[in-house]
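Colleague: This is what each chain is made of:
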Amino acid sequence: MDLMIESLPRLISATLLTIQLTLLSLFFGIFVGAFFAILRLSKNKIFYLISYYYSYIFRGTPLLVQIFIIYFGLGQVEWIRNSLLWVVLKEPYSCAILAFTLNTGAYSSEIFRSAFETINKGILEAAKGLGLSKINTFLRIKLPIAIKQSLPAYGNEMILMLKGTSLASTVTLLDLTGVAKHIISTTFRPIEVFIVAGGIYLLMTFIIHNFIKFLEKRYNY
Amino acid sequence: MSLLAYGDTGWGDELFFATLMTVAVALTALSNGFLFAAIFASFKLSNNKLLNLIGSFYTTVFRGVPELLVIYLLFFGGSGAVMYIAKIFGYNGYIEVNAFLTGAISIGIISGAYSTEVFRGAIQSIHVGQFEASKVLGLKKKIYYYKIIIPQMLRLALPNISNVWQITLKDTSLISVTGLVEIMRQSYIAAGYTRDPLFFYSFAAVLYLFLTFLSMQLFNKLEKKYSRGF
Numbered sequence: 002m003d004l005m006i007e008s009l010p011r012l013i014s015a016t017l018l019t020i021q022l023t024l025l026s027l028f029f030g031i032f033v034g035a036f037f038a039i040l041r042l043s044k045n046k047i048f049y050l051i052s053y054y055y056s057y058i059f060r061g062t063p064l065l066v067q068i069f070i071i072y073f074g075l076g077q078v079e080w081i082r083n084s085l086l087w088v089v090l091k092e093p094y095s096c097a098i099l100a101f102t103l104n105t106g107a108y109s110s111e112i113f114r115s116a117f118e119t120i121n122k123g124i125l126e127a128a129k130g131l132g133l134s135k136i137n138t139f140l141r142i143k144l145p146i147a148i149k150q151s152l153p154a155y156g157n158e159m160i161l162m163l164k165g166t167s168l169a170s171t172v173t174l175l176d177l178t179g180v181a182k183h184i185i186s187t188t189f190r191p192i193e194v195f196i197v198a199g200g201i202y203l204l205m206t207f208i209i210h211n212f213i214k215f216l217e218k219r220y221n222y
Numbered sequence: 022m023s024l025l026a027y028g029d030t031g032w033g034d035e036l037f038f039a040t041l042m043t044v045a046v047a048l049t050a051l052s053n054g055f056l057f058a059a060i061f062a063s064f065k066l067s068n069n070k071l072l073n074l075i076g077s078f079y080t081t082v083f084r085g086v087p088e089l090l091v092i093y094l095l096f097f098g099g100s101g102a103v104m105y106i107a108k109i110f111g112y113n114g115y116i117e118v119n120a121f122l123t124g125a126i127s128i129g130i131i132s133g134a135y136s137t138e139v140f141r142g143a144i145q146s147i148h149v150g151q152f153e154a155s156k157v158l159g160l161k162k163k164i165y166y167y168k169i170i171i172p173q174m175l176r177l178a179l180p181n182i183s184n185v186w187q188i189t190l191k192d193t194s195l196i197s198v199t200g201l202v203e204i205m206r207q208s209y210i211a212a213g214y215t216r217d218p219l220f221f222y223s224f225a226a227v228l229y230l231f232l233t234f235l236s237m238q239l240f241n242k243l244e245k246k247y248s249r250g251f
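Residue numbers (this note's numbering), protein chains in the order written: chain Z, 2 to 222; chain V, 22 to 251.
Because the hints were derived from the structure by calculation, they are not lab data.
Just to be clear, a hint being listed does not mean it is correct.
Calculated Cβ distances over 10 Å to all of chain Z for the following chain V residues [said to hold, decoys possible]:
| no. | residue |
| --- | --- |
| 1 | Leu24 |
| 2 | Glu35 |
| 3 | Ala45 |
| 4 | Ser63 |
| 5 | Leu66 |
| 6 | Asn68 |
| 7 | Leu72 |
| 8 | Tyr79 |
| 9 | Val86 |
| 10 | Lys108 |
| 11 | Ala120 |
| 12 | Ile164 |
| 13 | Tyr209 |
| 14 | Pro218 |
Residues from chain V shown here face chain Z by an in silico Cβ test under 7 Å; the list is partial [as the list claims (entries may be wrong)]:
| no. | residue |
| --- | --- |
| 15 | Gly85 |
| 16 | Ile106 |
| 17 | Ile109 |
| 18 | Tyr222 |
DSS-like mimics (lysine-lysine), calculated; alpha carbons at most 30 Å apart, straight line [as the list claims (entries may be wrong)]:
| no. | chain 1 | residue 1 | chain 2 | residue 2 |
| --- | --- | --- | --- | --- |
| 19 | V | Lys245 | Z | Lys46 |
| 20 | Z | Lys46 | V | Lys242 |
| 21 | V | Lys245 | Z | Lys218 |
| 22 | Z | Lys46 | Z | Lys149 |
Source: prediction; values computed, not measured.
For each residue, glycine too, the CB sits at the ideal point set by N, CA and C.
Between the sequences and the hints, there should be enough to build the whole structure, so can you do that?
Modeller: What follows is the structure, given as structure tokens:
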């Protein structure tokens with residue numbers, strides 16, 4: 002019990018990093034996901050294949066491999082080290098965000114794609130019949146429907162990303178899992194630390210879950 | 022390519038056995054998970070409120086907490102628990118729990134939490150008429166579960182079991198933190214030794230892609246086989 006109270010402040014300050022990593026990755030991931038979803042839906046075969054293989058590779062390999070390739074692997078290439086990219090790739094923080102963004106982008110692109118694909122054709126025909134312009138159809142009809150469709154799956158993806166940020170601890174970042182591991186390996190009392198750290202994670206998943214539920218209700222019509 | 026030579030000069034044989042290790046851990050974890058799932062899915066479906074609560078607690082905790090944290094809990098807690106028991110029997114030395122076991126159990130617990138939901142969903146989507154008909158026919162509970170409900174349930178659960186398998190397979194990469202020599206750990210060793218992390222981690226990615234591709238083919242075949250007549 003003492004250990005639980007003692008370690009709480011350190012774990013809470015580590016939680017800030019976890020939240021930061023999660024939010025930034027999700028934020029960038031939405032754009033990456035939307036971009037690749039658009040590629041996937043385009044009629045151009047090359048665009049389609051690029052998007053298909055992007056999502057296939059990032060969903061078919063563990064996140065850990067992706068982080069290690071970006072953090073340990075890319076630093077080995079001479080021209081990357083001499084280029085502007087090195088500013089991003091030399092820090093574990095930005096490497097982790099890059100890996101998480103690409104990972105969540107792959108999953109999100111699938112979610113967004115299937116959301117757009119399930120839009121009823123009749124609705125689009127109705128929009129055409131009403132003489133709505135393409136931009137208007139997209140902004141006022143396709144997008145709201147797609148957002149509503151993808152909410153439940155995207156909520157799951159947010160929770161997966163939150164859990165995924167725990168891998169930042171493997172590239173020396175002290176996020177919630179990293180600090181928890183540090184405390185466990187110095188005190189050898191895993192159960193107490195697990196309860197506190199796990200509790201914090203569960204609280205965050207609970208918040209995300211309810212946030213999505215709230216959004217679902219708002220977008221319900 | 023000489024880095025991948027088979028034998029003492031390259032890492033081909035090491036990586037090959039590491040791949041087998043990954044598959045072995047993943048399979049053990051998946052079947053452990055099924056065991057947990059069979060227990061906790063029946064808890065979740067039972068009419069007992071307390072059992073329901075235990076079932077929900079299990080799935081909520083292990084689907085909401087990062088896999089790495091669970092692995093650390095068992096990795097550091099496992100040997101502690103075993104040593105504590107050994108102390109009762111008068112043994113005071115240090116005991117290290119096998120990394121394979123730690124991995125298979127911790128990933129199994131997580132995989133089981135996902136499988137529980139899959140099994141529960143599949144059983145719930147079996148038509149009530151099936152249960153009623155078995156009752157009317159006077160079948161014993163054991164027989165109607167084994168002969169009627171479970172075969173149908175497995176067919177419905179197959180696509181989702183395929184998903185759980187993919188998650189489990191990828192999660193095994195995290196066991197490398199405990200020192201078990203599977204694909205990730207072997208790549209880490211090779212990368213450190215040859216100072217060529219880009220090549221070895223990329224090759225690890227290829228190995229994982231190969232495994233996920235293979236299992237996808239297998240599951241597609243199974244799905245086709247079991248949806249005959251539907």
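Colleague: Does each hint fit the structure? Answer for all of them.
Modeller: Tested hints:
1. No beta-carbon of chain Z comes within 10 Å of the beta-carbon of Leu24/V; the shortest separation is about 14 Å.
2. Every C-beta of chain Z lies more than 10 Å from that of Glu35/V, the closest at about 17 Å, which supports listing it as non-interface.
3. At roughly 17 Å, the least C-beta separation between Ala45/V and chain Z is larger than 10 Å, which holds for a residue marked as non-interface.
4. The Cβ of Ser63/V sits about 24 Å from the closest Cβ of chain Z, beyond the 10 Å cut-off, so the non-interface label holds.
5. With a least beta-carbon separation of about 22 Å from chain Z, Leu66/V lies farther than 10 Å from that chain, consistent with its non-interface assignment.
6. Listed as a non-interface residue, Asn68/V keeps its Cβ farther than 10 Å from every Cβ of chain Z; the least gap is roughly 26 Å.
7. With a least beta-carbon separation of about 21 Å from chain Z, Leu72/V lies farther than 10 Å from that chain, consistent with its non-interface assignment.
8. For Tyr79/V, the condition that its CB be more than 10 Å from all CB atoms of chain Z holds, with the nearest at approximately 13 Å.
9. With a closest Cβ-Cβ approach of about 4 Å to chain Z, Val86/V is found to fall inside the 10 Å limit, against its non-interface label.
10. Its beta-carbon lying about 14 Å from the closest one in chain Z, Lys108/V satisfies the requirement of being farther than 10 Å from that chain.
11. Remark: the non-interface label on Ala120/V is consistent with the geometry, its nearest Cβ contact in chain Z lying 16 Å away (cut-off 10 Å).
12. The non-interface label for Ile164/V is consistent with chain Z: the shortest C-beta to C-beta separation is roughly 37 Å, beyond 10 Å.
13. Against the 10 Å criterion, Tyr209/V falls within the reach of chain Z, whose nearest CB is about 8 Å from its own CB.
14. Consistency note on Pro218/V: stated as away from chain Z, yet its beta-carbon is not over 10 Å from all of that chain's, at 4 Å minimum.
15. Given the 7 Å rule on beta carbons, the hint for Gly85/V holds: about 4 Å separates it from the nearest Cβ of chain Z.
16. At a threshold of 7 Å, the smallest CB-CB gap from Ile106/V to chain Z is about 15 Å, leaving the interface hint violated.
17. At a threshold of 7 Å, the smallest CB-CB gap from Ile109/V to chain Z is about 18 Å, leaving the interface hint violated.
18. Look at Tyr222/V: its Cβ gets to within about 4 Å of chain Z, closer than 7 Å, so that hint holds up.
19. A distance of roughly 29 Å separates the Cα atoms of Lys245/V and Lys46/Z; the hinted pair therefore holds under the 30 Å criterion.
20. The suggested pairing of Lys46/Z with Lys242/V holds, with an alpha-carbon distance near 28 Å, which does not exceed 30 Å.
21. A threshold of 30 Å between alpha carbons decides the hint, and for Lys245/V with Lys218/Z the separation of about 38 Å lies outside it, so the pair is violated.
22. For the hint linking Lys46/Z to Lys149/Z, the alpha-carbon distance of about 28 Å falls within 30 Å, and the restraint holds.
Consistency note: the structure conflicts with the earlier hints numbered 9, 13, 14, 16, 17, 21.
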